[in-house]
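Chains as they are written, first to last, in our numbering: chain A, 50 to 409; chain B, 2 to 848.
Rather than coming from a laboratory, the hints here were simulated on the basis of the structure. No experiment lies behind these values; they were computed from the predicted model shown. You may find that some hints are simply not true.
Some chain A residues close to chain B (C-beta under 8 Å, calculated; not the full set) [claimed, not checked]:
#	residue
1	104
2	115
3	135
4	167
5	273
6	312
7	323
8	327
9	361
10	386
Listed next, the stretches of chain B that the computed footprint assigns to chain A, with coverage defined by at least 3 CB atoms under 8 Å from CB atoms of chain A [unchecked claim]:
#	segment
11	179–185
12	274–288
13	584–590
Glycine included, C-beta positions come from ideal geometry on N, C-alpha and C.
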Amino acid sequence: MTERYLILSDGTTYKGQAFGSPATTSGNIVFNTSVTGYQEIITDPIYHNQIIVFSTPTIGAVGVNHESYEAILPTAKGVVVREVAEVSTNRQRTLSLDQFLRFNNIPGISGIDTRQLVRKLRTHVGPLNASIVDVADEHAFDQLNATVLTNQQVAQVATPRPYANPGMGHNIVVIDFGLKSGILRELAVRGANVTVMPYLTSADAILNLDPDGIVLSSGPGDPRNLPVSVLTMIKTLETRIPMLGIGLGHELFALANDATIERLPVAHQGMNHPIREIITNRIMYAAQAEEFGVDRDSIDRNQLLITHIDLIDRSIQGLRHRDYPAFSVQFFPDAAPGPWEATQVFDDFIELTGTRGEQR
Amino acid sequence: MTANENKQSAETDSSQSQRILVLGDSANDFGHETELDAAAYQTLSVLHRHNLDAVYLNDNPYSFTMDNPCGATVVMGDPTDLGTVRQVIESEHITTIIPVVGGRDAMRTIEELIAHDYLDDRHITVLGVPLTTVRLINNPALMNQTLRELNEPVIQSQVASSTSAAFDLAREIGFPVIVKSVAPRGEGDRVLAESADQLDDALTEAFARSRTNQVIVDQSIVGLKEVSFEVLRDARGTELLLGALEDMDPVGIHAADSIEITPIQTLTDREYQKLRQAAFRVARRLRVVGLMHIQFALDPVHDNYFVMKVDPYYDRVSSLLARASGYPIALVAANVMLGVSLAEVKLPSGFAKRTALIEPVLDHVVVRLPVFSFDEVQRRGITVDRQLTTVQKSVGATLGIGRSVEEAVLKALRAAHYHNRDFAFNALAKLSDNDLIQQLIHPHDNRIMLLLEAIRRGYQSDELAELTQMDEFYFHKLRNVYELEVSVAEHPGDVDWLHRAKYYGFSDGLIAQLWQTNADAVMNQAHSAGIIPTFKTLEPTAGEFSEAVPSFYSTYELENESTPQSGDVALVVTTGAFRLGDGAAGEYVMTTVVSELHQQGIKTVVISNNPNALSLIPQLGDKQYLEPQEISDVLAIIELEHPKWIFVPGNRLKLIGALRLRHENVIVINKDKAPKSAQDGDQYLTRVVFHTSKIGVADPQEIAQTAVAHDRQTLKASEQGVPGIAAEPGAMRQSGYYQTLFSALSGHSRMVTTALPFTTLALLNKGTGINWVRLLVRALLDKTTTADRQHLEQGAFKTTTTDDVAMIDVASRLDLRWHPSLPLQGVQFKLGAKLQVPFPRQFVIKG
């Protein structure tokens, strides 16, 4: 068993055991409190450049399987956990977590007091960087402190070229800001004919595809770092075509409609917060991975309605445009991983696109 | 919201005329420890906070709630007896009934009331479950039909009214089949029949137990993965998942006899969410307002599942998850039942805002290990059938909590084996290879030790998975334990290996075995190397929020979250896992001790590892440690908490001895295992003596003559009085209650003086209406009151109504469960008792 170290930019050192890739890595460190779904989490492009701390004590017990990839190539920078099950046994598995991380050059470290680490991260204001290294010396800290993480994460993970995910139903364009497969799965279940477009596509090019609906995908990073052209595109499209924004897509939708985005004091990643749908008063649970949120006071109530809120931290979880068939959710309704009750959002969206189809 | 739910919440608003009957749990038995009493206490406290008028009906002599009803009226009477319940409804002008803290029996009582149109006629509402649902849960055939309507997969299952019809069904379905009774008396058993002979036996028993003379023949799904989900649903239809647990053992072993683990380890997110959705659908269909435990059989190969069982009331799993997550399940469920929405439930201070709406997530592993007590019987030369089946054989359980599966399993094992007799790595070294294979296929109570032995003998994980139908994951975990054991043994005295062993849950005692030294030496070495436990909070948000839940478990990591309290602290070691006999009585006494200490302004710290423990009711004390109770565990807590007193029940001789060497204020709550009178069938009269040097009683003082006996005949005999003979002082080494036993037949000649059994002490409290346990605690603290002195001086027993309260032991069907070679007679084999009164009457306890 090889010893390795997790070092934090605040100077803390944790000793643990290596698993996955033996590479040295640096990234922004975040924690996730989900109990299930480690494969979906590790492969979700929103974790680009991030080291993920799992608060659940053991991961790896169900290996890695075909159906749970959220991206073909994971872009997370590291995995931190108390225990990793070195052999996977679930009958659906194709690889063990350890093998999978090796193949994808992602280092992991186990044997960490992750509860202490989570408690530290929860009270730390602003992002914190970390490295997984062989030797926790001054050099390693220098390297960590010198590390500059790109703020252009979307460019790193989003598709540079359009591609199709054909179906026989509604014609949906998904704009890829770091798309996770769950969104495509939910659209496929509803028969949609999907075209995935790069995020720098012009509004005209998208309109030329004659979509019944547009999905602004989830993705990594700060939405304010994206080019203004993206907001212009959204502004143009929302007036013409039914639109659904998810995660980063929701934040961009808010920005395009003159709201502001702020960094949350503490990032929230998990699937156990109650989310209230205001119109029905229904409370549901969904996967969330949030570092940024819409500033409530910045919302122009003449343009946007708040549709969902998180009952724990009161964060805005959903918006709807007053004039156009466009809405967005901060949480992940695609349930990969996460509770299934929020998939209703896709039904609502497909219904909305149907309206347009009738008008056409 | 449905009309019925509307009605329920509307009625709770007009609280003036409302009078709520809470059905108590009655006698303890297999699968029924003190969890229901604990839930009842918390439910009554919520009713009290809502200014609701409540009546609590119970006849369990070990009920803490009867003594401490939070403002409710207590009626002593049998809550499982229809006549009694009707009588109480009428005399107390009941408008509403809460059955969900009374277990399955209470559900059956409600069903009988429905059957007689009694509730409709009197416009009585039932909180928690709609009446249609009550009928469903008492009738598996109706339940299956309802589940089918929901498109939930259910096991192929049919009702038979005769043996020949049942045989036809079995042939149609194909052996093996599971047989169970329709509307059974007592707990419904599921019996596996693999052949016609076995079916014949199973049918005889099942028909006899059915109140409708019908049985159900089910397709057997033995071998599938067994998991349980617990849902909480409020009157507005908000559903949340309180937790889920998986059984290490496959379907085919009663869930209570299985090793259970939470959070679920071996399910993918997709499987997990699918079952969560199914659980919500069922809760919605049954219109549950409160808790619902649903058990599934999962077939991971075919991506399929079956609903096995639905319990929309408080049970063992609710209690386990409450302990595991720190989420105040009983409190929130009681609020929800009254129509308070989950968003509006007010939690005790210390919880972050709106925690009631958070789905609990854990950052620790909790293992529940069943405890069987077979050895206690076998030591008497009686053999029992130790093979685990669909019928529950375990009498108690322990919790092991840690940050890895290995640590949690080892801590649960340590908690179950505090005698250290049979928990050694080489415990099964002498088992023949043939027996080993037999027991792998047909598991016994020694599950973990057997699997470790198999690994030791070279079985591979996949072979073991095939033989046992357990998930391979667990063999990798157990292999880790085995490899660690080998490495530790190879490195005697090595601090690094010592640390690693402790990190994975090895105790000082185990390491000492491997190093062939003594536990003290290991403890001292660990201590001087700075290897000391760190305590982590048991809270429901995995560290995301600051939840000040004063409940802790130990591990060996960086951060310790438990800080000592200011003021005088008393440490109370409570009963631990129940075994045969007086577990519930012990919990009752020790919980009363905790409660009295707390009321005296002393900070209490409880150490327990029983998932169903009464003493773990959060409001009763100040702090709780869910830990094994070996000396090293207790010392680690002493070191942190600096208690002024340590209270220990009298049967923990080894622990008491070890503690007395190290602490000057070890107070033993004395007890004898079982009353002599019932033990050997002879007739005895009993005199109870209170003795304490603290209140200046030099000679043991007789406080009364009393009739503490287990049958009415003895009771009558004792009324005639016993000549005053002081017990010999030498027998009474410490403060407490003693009994002097006289033979009823041989002219009252003195027989023997022993500590008073907890069961008898409980009866004294209930019979006299004076809380002698609280009185004892006050005496021990030098806080005796004038009233206490009066009780003692007056011989208070005479002034009370002891004469018409008797305690009857309840048969636990041990013979049917364990198949002993000789009949098991005597109170030490009983798990529960009932108070018998001529008519239901109000009960109030003083002190």
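Results for each hint:
1. Given the 8 Å rule on beta carbons, the hint for residue 104 of chain A holds: about 4 Å separates it from the nearest Cβ of chain B.
2. The criterion of a C-beta within 8 Å of any C-beta in chain B is not met by residue 115 of chain A, whose closest approach is roughly 11 Å, and the hint is violated.
3. Hint on residue 135 of chain A holds. Least Cβ distance to chain B is approximately 7 Å, under the 8 Å limit.
4. With a cut of 8 Å, the hint placing residue 167 of chain A at the interface with chain B holds, because the nearest CB-to-CB distance is about 4 Å.
5. Taking 8 Å as the C-beta cut-off, the interface hint given for residue 273 of chain A is violated, the closest approach to chain B being about 26 Å.
6. With a least beta-carbon distance of about 17 Å to chain B, the hint placing residue 312 of chain A at the interface is violated under the 8 Å criterion.
7. The interface hint given for residue 323 of chain A is met, as the beta carbon of that residue sits about 4 Å from the closest beta carbon of chain B, less than 8 Å.
8. For residue 327 of chain A, the interface hint is violated, the least distance from its beta-carbon to any beta-carbon of chain B being 13 Å, above 8 Å.
9. A hinted interface residue such as residue 361 of chain A counts as satisfied when its beta carbon comes closer than 8 Å to some beta carbon of chain B; here the least separation is about 6 Å, so the hint holds.
10. For residue 386 of chain A, the shortest C-beta to C-beta distance to chain B is roughly 4 Å, which falls under 8 Å, so the interface hint holds.
11. For the segment 179–185 of chain B, the proposed coverage by chain A is not satisfied: 0 residues have a C-beta within less than 8 Å of a C-beta in that chain, short of the threshold of three.
12. Evaluation of the coverage hint for the segment 274–288 of chain B: fulfilled, as 5 residues show C-beta separations to chain A shorter than 8 Å, against a requirement of three.
13. Remark: the segment 584–590 of chain B is not confirmed as covered by chain A, as 0 of its residues place a Cβ nearer than 8 Å to a Cβ of that chain, below the required three.
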